[in-house]
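Chains A and L, in that order, give the protein sequences.
If you're matching positions, the first sequence starts at 1 in this note's numbering and goes up one per residue.
If you're matching positions, the second sequence starts at 1 in this note's numbering and goes up one per residue.
Some hints here could point you the wrong way.
[Unchecked claim] Derived SDA-like pairs: lysine to any residue, alpha-carbon spacing no greater than 25 Å straight-line: (1) L:K132 with A:D54; (2) A:K101 with L:W92; (3) A:K101 with L:L88; (4) L:K132 with A:G53; (5) L:K132 with A:K101.
[Said to hold, decoys possible] Here are some, though not all, of the chain A residues that point toward chain L, as calculated from beta-carbon distances under 10 Å: (6) V24; (7) E36; (8) A59; (9) Q61; (10) Y86.
Hints listed in this document are in silico derivations from the structure and should not be mistaken for laboratory results.
Because the structure is a prediction, the values reported are computed rather than measured.
A virtual CB, placed ideally from N, CA and C, is assigned to each residue, including glycine.
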Amino acid sequence: MVPLAWYLILSAALFSIGLFGVLVRRNAIAILLGIELMLNSVNVNLAAFWRYGDVNQMAGQVFAIIVFAVAAAEVAVGLALVISVYRNRNTVIAEDIALMKW
Amino acid sequence: MTLAQIIFLFVALIILGSALMVVTTRNLIHAALWLVSALFGVAVLYALLHASFLAVIQVVIYIGAIAILFIFAVMLTRRDLRDRGPQLNRYWWAGALLSIFSFTGLVLLFRNWNGFSRTPADFPVGFDTVGKLGDALISPEAYVLPFEVASVLLLAALVGAVYVAFTRK
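Isolated chain A (complex conformation) (with noise of 0.2 Å):
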């Protein structure tokens, strides 16, 4: 069988490459796309550990539904938030959208 290990592991290099598209990415649009990769390997590790541990006790599986929901309200809002500045603005790059900076 495969350990637990190589899930951990495989969910860390996954969450690590996430965190390089949202840490430099230019385009909004790809930075949410790293967002979605670093919620998936939380995902992967939910349903590890609840296969890994007792199976009996659901809450990994819960969790991982409601993370589900989390990305998809988290998509619905900045999908929409990119679309509605790129109409005023423009411009889908972050760097340039600096409306409320000081």
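Keeping the supplied structure of chain A fixed, place chain L upon it in accordance with the hints.
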């Protein structure tokens, strides 16, 4: 090496390769399609973990709804699709260093934990994962309150998204 391990390594390679393409490719449509491939790999992992319901909603919600929403958003902002200038900001090396640090830090942290190389107990025969999950989601002794909070959050977020993206005449 068992069959499950071979499948896991193959899927892990696909996930990590697609994830790297998501964060580095120039064309955002391609990035969204690579994200679909990474999400599909994660669905295979759920199936390997016997979390069948999660595997199905991963395909239906993530690939069917969220990834398609991304492709729509990329198309609605098409003029910037092939950005002028670089795709990464000028601090990309700091971001790369930070993510390598976070990866090594997480792995070192895991190694000090004694459950790290645990192998799973045999899956109980006739165990009804989906039924158990449904009971846990609606039973007052379990997780009905977090579930309802998540529903309200999703509803509020969608109303907010409609309001933000609405064009005033």
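Here's how the hints hold up against the structure:
no.: 1; hint: L:K132 with A:D54; in the structure: 13 Å, holds
no.: 2; hint: A:K101 with L:W92; in the structure: 21 Å, holds
no.: 3; hint: A:K101 with L:L88; in the structure: 21 Å, holds
no.: 4; hint: L:K132 with A:G53; in the structure: 15 Å, holds
no.: 5; hint: L:K132 with A:K101; in the structure: 49 Å, violated
no.: 6; hint: V24; in the structure: 4 Å, holds
no.: 7; hint: E36; in the structure: 6 Å, holds
no.: 8; hint: A59; in the structure: 7 Å, holds
no.: 9; hint: Q61; in the structure: 5 Å, holds
no.: 10; hint: Y86; in the structure: 5 Å, holds
Going through the hint list in order, the structure does not satisfy hint 5, though it satisfies all others.
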